[in-house]
Amino acid sequence: RKEVEQDPGPFNVPEGATVAFNCTYSNSASQSFFWYRQDCRKEPKLLMSVYSSGNEDGRFTAQLNRASQYISLLIRDSKLSDSATYLCVVNPWSTGNQFYFGTGTSLTVIP
Amino acid sequence: NAGVTQTPKFRILKIGQSMTLQCTQDMNHNYMYWYRQDPGMGLKLIYYSVGAGITDKGEVPNGYNVSRSTTEDFPLRLELAAPSQTSVYFCASSYSKLGGTDTQYFGPGTRLTVL
Numbered sequence: 812r813k814e815v816e817q818d819p820g821p822f823n824v825p826e827g828a829t830v831a832f833n834c835t836y837s838n839s840a841s842q843s844f845f846w847y848r849q850d851c852r853k854e855p856k857l858l859m860s861v862y863s864s865g866n867e868d869g870r871f872t873a874q875l876n877r878a879s880q881y882i883s884l885l886i887r888d889s890k891l892s893d894s895a896t897y898l899c900v901v902n903p904w905s906t907g908n909q910f911y912f913g914t915g916t917s918l919t920v921i922p
Numbered sequence: 596n597a598g599v600t601q602t603p604k605f606r607i608l609k610i611g612q613s614m615t616l617q618c619t620q621d622m623n624h625n626y627m628y629w630y631r632q633d634p635g636m637g638l639k640l641i642y643y644s645v646g647a648g649i650t651d652k653g654e655v656p657n658g659y660n661v662s663r664s665t666t667e668d669f670p671l672r673l674e675l676a677a678p679s680q681t682s683v684y685f686c687a688s689s690y691s692k693l694g695g696t697d698t699q700y701f702g703p704g705t706r707l708t709v710l
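Protein chains in written order, with this note's numbering: chain A, 812 to 922; chain B, 596 to 710.
What the hints contain is simulated information worked out from the structure, not anything from laboratory work. Treat each hint with caution, since some may be false.
Unchecked claim - Some residues of chain A that are not near chain B, with every Cβ distance over 12 Å (derived):
id	residue
1	Pro825
2	Thr872
3	Thr896
4	Pro922
Unchecked claim - Interface residues of chain B toward chain A, partial, derived using beta-carbon atoms under 10 Å:
id	residue
5	Gln601
6	Leu608
7	Ser664
8	Glu667
9	Tyr700
Here a beta-carbon is modelled for each residue, glycine too, at the ideal position from N, C-alpha and C.
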């Protein structure tokens, strides 16, 4: 079983739409969770960390469900500039300092 | 701060050739990582280092070697290039904190083709 699994998409949504991505992780002892954004042929960049109580950053909301071992990312009022691949990242401290990346979910926002 | 820098940006190798991918960070991060990303796939950890003089294998270390003689530099060595090593290579660094590690910062990547 993969450490981190994501729906690869692609998600094609119109501008202004709300879109949600989910990600599941296999190691129940995982402690740190992140969403990264990766533009085509570029390096991943941190979008936001995911905290136990959930957190929001502008149009972006991240949630963590430890019981079901999944994290989610909600994007409201989608912009053309949100088009990218979104990577779910998990750091199970029990395995040292390794980070596990999902394969990414592709989002295209259509005018 | 330049952050994490990688050289070269692109490289084409012939089968059996060797090369070193350079990675430098100026953020005084103690943790550094090498990943490879194949098309349509997630990042896979090759090697990582928790500090100067300490390295450890990741998920896919075969065919690669690393060294960490300074905090800033973490070069990745390919000794006998094979077509299966065609990929994009990302170097990353992070700062350790109590109970775990902080966010990873990535370099711009090196696109390697082995023919």
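Now for the hints, and whether the structure bears them out:
1. Pro825: Check passes; 25 Å lies beyond 12 Å.
2. Thr872: Check passes; 19 Å lies beyond 12 Å.
3. Thr896: Check fails; 10 Å does not lie beyond 12 Å.
4. Pro922: Non-interface label on A/Pro922 holds, nearest chain B Cβ at 26 Å vs cutoff 12 Å.
5. Gln601: Status holds, d = 9 Å.
6. Leu608: violated (20 Å)
7. Ser664: This interface hint is violated because 19 Å lies over the 10 Å limit.
8. Glu667: violated (18 Å)
9. Tyr700: holds (8 Å)
Hints 3, 6, 7 and 8, counting from the list given before, are not met by this structure.
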